[in-house]
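J.: So you can see what is in the structure, the chains are spelled out below.
There are 2 protein chains.
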Amino acid sequence: MAKLRVHNLAMSLDGYVAGPRQSLEDPLGVDGEKLHEWLFADDRASIVDDLIERGENGIGATIMGRNMFGPIRGPWGEDTWTGWWGPNPPYHHPVFVLTHHPHPPITMEGATTFHFVDGGVDAALALAVDAAGGLDVRLGGGAATVRQYLRAGLVDELNVSVVPILLGSGERVFEDGITALECTESVTVDRVTHLRLVKAASPS
Amino acid sequence: MAKLRVHNLAMSLDGYVAGPRQSLEDPLGVDGEKLHEWLFADDRASIVDDLIERGENGIGATIMGRNMFGPIRGPWGEDTWTGWWGPNPPYHHPVFVLTHHPHPPITMEGATTFHFVDGGVDAALALAVDAAGGLDVRLGGGAATVRQYLRAGLVDELNVSVVPILLGSGERVFEDGITALECTESVTVDRVTHLRLVKAASPS
Chain P
1 MAKLRVHNLA
11 MSLDGYVAGP
21 RQSLEDPLGV
31 DGEKLHEWLF
41 ADDRASIVDD
51 LIERGENGIG
61 ATIMGRNMFG
71 PIRGPWGEDT
81 WTGWWGPNPP
91 YHHPVFVLTH
101 HPHPPITMEG
111 ATTFHFVDGG
121 VDAALALAVD
131 AAGGLDVRLG
141 GGAATVRQYL
151 RAGLVDELNV
161 SVVPILLGSG
171 ERVFEDGITA
181 LECTESVTVD
191 RVTHLRLVKA
201 ASPS
Chain E
1 MAKLRVHNLA
11 MSLDGYVAGP
21 RQSLEDPLGV
31 DGEKLHEWLF
41 ADDRASIVDD
51 LIERGENGIG
61 ATIMGRNMFG
71 PIRGPWGEDT
81 WTGWWGPNPP
91 YHHPVFVLTH
101 HPHPPITMEG
111 ATTFHFVDGG
121 VDAALALAVD
131 AAGGLDVRLG
141 GGAATVRQYL
151 RAGLVDELNV
161 SVVPILLGSG
171 ERVFEDGITA
181 LECTESVTVD
191 RVTHLRLVKA
201 ASPS
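Quick note, the sequences are listed as chains P and E, same order. The working numbering applies: residue 1 is where the first sequence begins, and numbers increase by one. The working numbering applies: residue 1 is where the second sequence begins, and numbers increase by one.
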């Protein structure tokens with residue numbers, strides 16, 4: 001059974017996965033880049049390499065929210081936007097973008113195709129599972145997308161890195177009512193705590 | 001200069017320091033006791049002993065909210081409540097209880113005296129600093145009390161232990177706008193991450 005997995009989600013101590021006032025200049029919100037310094041550090045710990053590799057292994061499709069695909073809101077219009085990642089995005093498999101506005105698929109170099117799904121989170125998951133051909137599906141951001149799948153109880157594995165900074169405001173993934181995940185691993189390096197949570201066994 | 005310090009504050013991964021629906025049976029709210037299993041475990045790690053000792057060293061007075069003192073709400077009436085801790089509470093110094101309702105001091109065995117302060121958080125801090133006689137002041141709970149002092153920028157040191165469980169709802173200490181603390185230490189043992197944060201240097 002294909003799993004839906006979140007990897008390398010970075011969260012501040014006060015629970016924010018993005019800072020306030022997201023914009024083209026601050027795609028992660030004000031100070032949001034501080035959440036990812038551990039990920040992009042030149043001297044990053046080898047455990048971080050392991051975590052990145054884990055997030056790429058066995059993945060056959062990706063789901064993301066429209067905000068993660070691009071800064072455009074509302075109807076697509078005459079746009080020529082093809083994502084943040086240049087002509088050869090680092091996915092190399094089908095990517096399903098949640099949107100309220102239909103858009104034809106975009107085929108990129110390197111076997112990445114962006115599909116646009118306006119049927120909601122369940123429809124996107126069904127399409128992604130099918131496209132993954134027996135491999136797992138990775139759930140990207142942003143916060144609202146992860147929160148929707150968590151609330152629906154559809155996330156099988158969540159890898160979250162707690163960065164001990166306070167952003168003061170921004171977007172949370174853990175809001176009221178999300179409880180059905182259990183921690184199975186914890187490792188702290190350079191003051192960042194990397195946790196692996198998996199779907200809790202259903203009460204019998 | 002006396003410092004205001006919080007010790008052994010336990011917080012869930014989703015940011016709650018107490019569960020929902022606090023009551024006499026569940027003083028920490030539903031499932032709130034799961035936040036403190038690391039503290040009360042028979043086989044607790046030696047680092048936990050160190051953290052407990054650190055929280056007792058150099059403390060000359062304590063401040064707490066009324067909910068931490070007892071379950072009584074509103075006017076005191078004819079109550080004979082003297083706290084949760086029996087005739088000889090583990091403080092052995094003056095304790096200042098925040099309340100909206102005046103109450104005469106209560107002198108307990110072992111040099112603990114409960115003083116009741118109806119003048120707000122600043123007044124309680126001034127009284128506690130004075131009573132501490134050059135030692136530091138410890139800030140107890142509950143969540144609302146810690147949050148008030150954090151919002152006022154009055155907390156010099158916050159020791160928080162992040163427990164990788166999801167409570168789903170409850171009381172937070174980190175709400176919008178609290179940012180002026182910096183992490184200086186992090187250690188994870190038995191999947192609980194113990195962080196020390198100190199007041200950030202003011203921008204010059």
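If you're looking for bench data, these hints aren't it; they were derived computationally from the structure. Note that this is a predicted model, so its numbers are computed, not measured. Mixed in with the good hints, there may be bad ones.
What the hints assert, rightly or not - If you want the footprint, here are the derived chain E segments under chain P, 3+ residues with CB under 8 Å:
id, segment
1, 9-21
2, 159-167
3, 193-199
Just so it is clear, CB atoms sit at the ideal spot from N, CA and C, and this is done for glycine as well.
J.: Does each hint hold? Answer for all of them.
T.: Okay, the hints, checked on the actual structure:
no. : hint    : in the structure
1   : 9-21    : holds (count 3)
2   : 159-167 : holds (count 6)
3   : 193-199 : holds (count 3)
In this structure, every one of the numbered hints holds.
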